[in-house]
Structure formats: structure tokens, C-alpha cells
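Enquirer: For the record, the sequence lines run as chains F and V. Here the working numbering is used: the first residue of the first sequence is 1, the next is one more, and so on. Here the working numbering is used: the first residue of the second sequence is 533, the next is one more, and so on.
Hints listed in this document are in silico derivations from the structure and should not be mistaken for laboratory results. Ideal placement from N, C-alpha and C gives every residue a C-beta, glycine not left out. Hints may be right or wrong, so weigh each one.
[As the list claims (entries may be wrong)] Derived coverage of chain V by chain F (criterion: at least 3 residues anywhere in the stretch with Cβ under 8 Å from a Cβ of chain F; other residues may be distant):
hint: 1; segment: 579-592
hint: 2; segment: 605-617
hint: 3; segment: 646-657
hint: 4; segment: 713-720
[As the list claims (entries may be wrong)] Result set (DSS-like, lysine-lysine): computed pairs, CA atoms no more than 27 Å apart in a straight line:
hint: 5; chain 1: V; residue 1: K547; chain 2: F; residue 2: K380
hint: 6; chain 1: F; residue 1: K380; chain 2: V; residue 2: K670
hint: 7; chain 1: V; residue 1: K729; chain 2: V; residue 2: K670
hint: 8; chain 1: V; residue 1: K729; chain 2: F; residue 2: K380
hint: 9; chain 1: F; residue 1: K380; chain 2: V; residue 2: K598
So you can see what is in the structure, the chains are spelled out below.
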Amino acid sequence: MLRILVKKQLAEVFKSYFYDAKKNRMRSKLAIAGWIVFFILIMVCLLGGMFTALSLNMCWGLSQAGLGWMYFLLMGGIAIILGAFGSVFNTYAGLYLPKDNDLLLSLPIPVRTIITARLTNVWLMGTLYVSVVLLPAIIVYWIMTGITAPKVICGIILYLVVTLIVLFLSCLLGWAVAKISLRLKNRSFITVLVSLMLFGGYYFFYFKANDLIRDIILNAEAYGEKLKGAAYGLYMFGRIGEGDFAAAAIFAAVTAALCLIVWRILSRSFLNIATSTGKTEHVRYVEKTVREKSVFGALLSKEFGRFTSSANYMLNCGLGVLLIPAVGVLLLIKGRVICEAVEKAILGRPDCAAVLVCVALCMAASMNDMTAPTVSLEGKSLWIPQSLPVEPGTILHAKMAVQLILTGIPMLLAAACGAFIVPASAVAKVMVFVMPLVYVLFSAVCGMFAGVRMPLLNWTNEIAPIKLSGAVAIIIYGGWGVIVIMAGLYLLIGYRIGAAPYMACWSILLTAIALALLRWLDTRGTEAFSSL
Amino acid sequence: MLKIEHLTKNYGEKKAVDDLSLHILPGEIFGFIGHNGAGKSTTIKSAVGILKFDEGTITICGKNIKDDPVACKKDLAYIPDNPDLYEFMSGIKYLNFIADIFAIPADVRQEKIRKYADLFELTQDLGQPVSAYSHGMKQKLAVISAWLHDPKLIVMDEPFVGLDPKASHLLKEMMREHCNKGGAIFFSTHVLEVAEKLCDKVAIIKQGKLVKEGTMEEVKGDDSLEEVFLELEAE
Chain F
1 MLRILVKKQL AEVFKSYFYD AKKNRMRSKL AIAGWIVFFI LIMVCLLGGM FTALSLNMCW
61 GLSQAGLGWM YFLLMGGIAI ILGAFGSVFN TYAGLYLPKD NDLLLSLPIP VRTIITARLT
121 NVWLMGTLYV SVVLLPAIIV YWIMTGITAP KVICGIILYL VVTLIVLFLS CLLGWAVAKI
181 SLRLKNRSFI TVLVSLMLFG GYYFFYFKAN DLIRDIILNA EAYGEKLKGA AYGLYMFGRI
241 GEGDFAAAAI FAAVTAALCL IVWRILSRSF LNIATSTGKT EHVRYVEKTV REKSVFGALL
301 SKEFGRFTSS ANYMLNCGLG VLLIPAVGVL LLIKGRVICE AVEKAILGRP DCAAVLVCVA
361 LCMAASMNDM TAPTVSLEGK SLWIPQSLPV EPGTILHAKM AVQLILTGIP MLLAAACGAF
421 IVPASAVAKV MVFVMPLVYV LFSAVCGMFA GVRMPLLNWT NEIAPIKLSG AVAIIIYGGW
481 GVIVIMAGLY LLIGYRIGAA PYMACWSILL TAIALALLRW LDTRGTEAFS SL
Chain V
533 MLKIEHLTKN YGEKKAVDDL SLHILPGEIF GFIGHNGAGK STTIKSAVGI LKFDEGTITI
593 CGKNIKDDPV ACKKDLAYIP DNPDLYEFMS GIKYLNFIAD IFAIPADVRQ EKIRKYADLF
653 ELTQDLGQPV SAYSHGMKQK LAVISAWLHD PKLIVMDEPF VGLDPKASHL LKEMMREHCN
713 KGGAIFFSTH VLEVAEKLCD KVAIIKQGKL VKEGTMEEVK GDDSLEEVFL ELEAE
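Could you put the whole structure together from the sequences, leaning on the hints where they help?
Expert: In C-alpha cells:
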């Protein structure tokens, strides 16, 4: 039974590798092989390569200083953080939110078997994260310090212990998220806030990590002594990698016991949490005076409601709403210094700071792509706009208006900041203000065009249209591509005509494309939308 | 009211609807019967303008659905077989959204919402998000939204699925009242007893083709509708 459940869950996790949701059919063998190779390349070459480089950087110095245990403590710590925090939301969704909870609970399957299957799935996902960090770390250590039987045995134990610690922490965090989310009222906004804090913390740590690691390596002995004295457990943890059987046995026993406790607790609380429908406080309806809206106003209000109702939608397609004002403020505070540094660094390209400020603002605007998944997000409710007496063009315009409002208004302020600080001629300043606004229009219209051309309507989880659809991928990467070309072309040849004419040319080009696509949306696009 | 002439719709090589013609007059409750996959939903979706068809013409109150879809949709209301409504809205917000689209004045819509929500015992739940509604509650909300703007024609796909007996009874009364006021109703159902008691006219579709159509007496004669239907299915 357990095997069947685990197999089913793994099939769900890797479903997209075997099944093409858009075409509603299985992928060809070639496509499956391609997707698997792509996955392996990402995991092994990109992520694995990154951590192999880090291991190579740290291993020799620390092991030669007799601080091999600190090397394993650091790498193990990174693996645990990546594994536990990387899979906390997956754990929450995988343990408590699967749509088949009701079905499985109604079948003659013991709850502990269901939870064991779910935990196995969580363990496998966590192990995937741990492997990209710890496997290179262990192998690098073996190669650099020589392979011995205790090191191999303890290295394997360390790997397993870390995967179990990740499982323990993921379950604990997943359980906490589940408990908290049952009590939350404005769940989508709080999720956005927490996620942004996590992102911020992650990037803060990421930018500080190099300094931190360099500092640890330089003062390894002093830190080592302090740690050994203050936190002997951490020292013992690191010792496992060096081939200490006693440390390995203690940690294996402790983590196994912790996992057993988690399994017992989850088995008992699973039924309550899995069958809970969230906060059950009934919102009592009180009749209020209604304010009538125009057709466009009603559609626009509906679109804003859709956007703000989903944390996924806001986080993945609306980061620019915060990023654009942040760039504006940054330009006001540090803009002049940055521009001076840029002008000094790139000689012979007059006013290049003006173009690059423009490019930075466009880049921030490209983080908003609400229009790309908006048609797909109609999903099974598509019958509503299609059956209402509204021109399809009005519906598409309302969808575009959301992005134009949420990107255009912050951009007005940010572009004004950019124009104010940039050391350039008056005409170039005007273009620094105008061009990002033109890009906002261009990006919204392109997103709408892609959304109508490549809709993904048969989804069961909104993550599919928001993150995984072709329209979104094209708009995000395509947008970045346009911006890179914009900057690169200026540095290569564009500077010859000057910054202001160069930005004017781009503004005209982007406006022309936007108008052409708008024309298409108002004619063939509306036909395409009503035929979906 | 609703005139379907020589409607043909293909899905690839499969003919979902084949040269189907129907005429629904004001004051009629018209039942549409057929087995699963016979082409009922395809016909209904084509009639309300959410599915493009290959051949034929559909007119609503004299207006062609292909030429003037918005004008046609102003005269009709549609309730699909699965009421997938906007889950992110509350019930009242959804009703107000529909009312805004049909430009229903505030006082009129409030009176109607009050009336129908009370009838369906949904008033207390109007503040709840649609995502918290049961299937039956969503169906009730879809029915209320359909009746909000006094449509001339109401098209429904399996409207009784998920409704409790009291709500089903209420819906039948509302359907009759609507037709007594000169409106028309075109609906599909698998519940033959309901069709037999409720419908003025009935059409039976099999593999996309119309196999029988007429008043209830013409179609069933002295037999029950179930007997006639099963006999036709066996042919």
C-alpha cells in the first residue's frame, strides 16, 4: 500500500515531465527524455556545480588546519537551510493540502500509512535539495583528504542524518504554517509579506555569504575553539564527516528519534488539519447601499479582486509594484553617485548613465507581468465573460488596465526620480521619464498578446498558468532580452547618435509595436478570446 | 425567441452536432434530452455564444448570435452544468458584478437580490466567499444571477443537479412564472420525470442528431417519456 501511495505522489510531483497539460496528452518519449535531461542538467551541473565550487574553495584550507569538522558543519548547515526552507511550502501543500486527502481518508487505508507516504515524499524532496550541496561537499573532501573506510561510512551516515534533519525541520515548519494559516484572515497578503521577508533575508544572506565564509576561513581556529567550547553538539555534528563513529551513532540515534516523534505527532494531528476547512467564522451578510459601476469599472474591479486574492499571483507577477518605487528611492538617494561611477567606468559613451537608468527602470517594470497569465487564470470560469453581453475587447482592456495602473503609477514617480538625478541634457532627461512609461505600455500589451495567443485553461493549480505557462516565460525572458539589447546596442553603436535620440528611437519602436499589438488585440485578439 | 437552424459543430473529425434545428417560442419551457455526449451541451453553448459552430444560424429575439453577440447576450441568461463562479468574490460581490454588467439600477438589484436570496435561503451566506460555497449554493447563486436582469430567454444546462428538493421546486416555479410572463426557457436534463411534468415541448438528441421533437403529447403519446427515450436509444 505504501509503495502504491508513494508512487502515486511521485507521479504527481513529476507529472509535468510526462504529461503535457496544454495539449492534454502524454509527452512523447523524446520529450520525456529531454525534460529529464534538463532537470538533471539544472540539478547536477548548475546547482551541483555551484556547491562543488564552494566546497573546493573551503575544503582544503579548513581540512589542512585540522578543522574538517567545521567544513562539514558549514556545508551541512547550508544543506539543512536550503532543504528545510526550500521545501517548507511544498511540505505544507504536500502534507495538508493535497486534493486527494478526502479520497484517501475515505478508503480503507490507515492514517499512519497515508502520513508515512506523505512523509516519504517530503523526505525525497528534501533529499533532492540536500544532495546538490552535500554530495559534492563529501566527494570533494574524500578527494582532497584521501578516502578511508570510516570516512566513507560516516560520510554516508552524515548524508542520511542531514536528510532526516531536513525532514524533521520541514515537518515542523510545515505544521507551523498549517496551524497559522488556519487562523489567518488576510491569508494572501500575509503570505506575500512573509515571502517578501524571506526573499529579503535570503538575498541579504546571499550577498553577505562570501564575506561571512571568508571571515570564517580566516579566523577558523579562533571560531573553532569558541564553537567547541560553547556548542559541543555542533562540533560533534561536523566530526561525523571526518569519520567519527561515536558522533555518527549519536546523531543517527537522535535524528531517528526526532523523526519518529514527528511521525507520531503528525499521525495524530493529520486528520484534524487535513479535514479542516480553515477559519470557519461565518461572515454575516449585512445589506449595504450599492454603488453602481460602469461595465469597464465592474470588469476592472473584478480584475483587481482576482489579483489581490492570490498570493501566488501577486508574488510572481506583481513584484514590480514594490520594486519600481524602491528603484526610484534608490535613485534619489544614491543615483548621482551611481551615475558618476558609471560615467567614469564606461568612457567614450556620453550620457550612458541616462540610458542605463532608463534600462534599470524598464527592468524593474518587467517584474510586473499580470497580463500574461490573466486569460489563463479565467480557467473554468471563462464561460462567465464569454456569456456576458460585453465586447471581448472591453474585457481585454480591463485586464491590461490592471497592469498599466499598477506599473504606470509607481513608474511615474520612479521615472521622475530618474530624470531628476541623471546628469544629462534636458531632452535626455525627458526621455528618461518617457521611455520607461512607454516600456510599461509595451510590456502590458505584449503580455496580453501572449496571454490570448497561448492560454492555459485546463489547470487544477493556479501555479500552472502563473509560473509555468509559455506566455509567462516568453514575457519574462523576452522582456529581459529586449532590455539587454536596449543596453547592449547603446554601448556598441547607439552612443554615436547620442542618448536622447537613442532613447527616442526605442520609444518610437516600442510604441509602434504596442500599437500594432493593440490593433491585433482589438480585432483578431477579441475573436481569439471569444473562441477559447 | 430562440431559433436554431441547421446547426453543425465538429470537433476534429467527430460531428458533435449534426444539422440540428429547433425553435423555442415565447412562453415555452423547452426540454432538451439526450444521453451523455449526445451533443446537448455543445448545442447549448453554441446557442449562448460561447462556442463557435461550423454551420447553421442561431437567432435570439431575431438577432443573429454570430453577427451581434452582445445584443443577443443582453436578452439571455445562461447557467452552465457546472457553476464555476468567481471563487475569489463573495456571493454578494458576484451578484453586484453581474448587475453592473447588465446596468441594473442599485435599488432594483437590491430588491431582487433580497427577494431571490431569501427564497433560496442564501441571504446569510452572501457575505461568504464563493470558494466556501457548496455545489448547491453555487448553483443557487448562478440561478439568482440569471434572474437578476429579467432576461427574455434563459438557457440552462442540467439546472437541477446539486439543488436540494426545496430549491428544485422553487426553480421549477420560477421557470413557469418566467414563461407565464412571456419569457422562454431552454434547458437540458437527465431527469425525465422533471422534463415530463415541466416542459411544454421537448427534443431528443442522439449522436448529435435530432431524433424527436414536439409538444410533450406529440413526443410521448400514451407512454412515459422514459419509455420513449429508452426506445429511441435502443434503435
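Enquirer: Does each hint fit the structure? Answer for all of them.
Expert: Hints, one by one, checked against the model:
no. : hint            : in the structure
1   : 579-592         : holds (count 4)
2   : 605-617         : holds (count 7)
3   : 646-657         : holds (count 4)
4   : 713-720         : violated (count 0)
5   : V:K547 - F:K380 : holds, 24 Å
6   : F:K380 - V:K670 : holds, 14 Å
7   : V:K729 - V:K670 : holds, 25 Å
8   : V:K729 - F:K380 : violated, 32 Å
9   : F:K380 - V:K598 : holds, 23 Å
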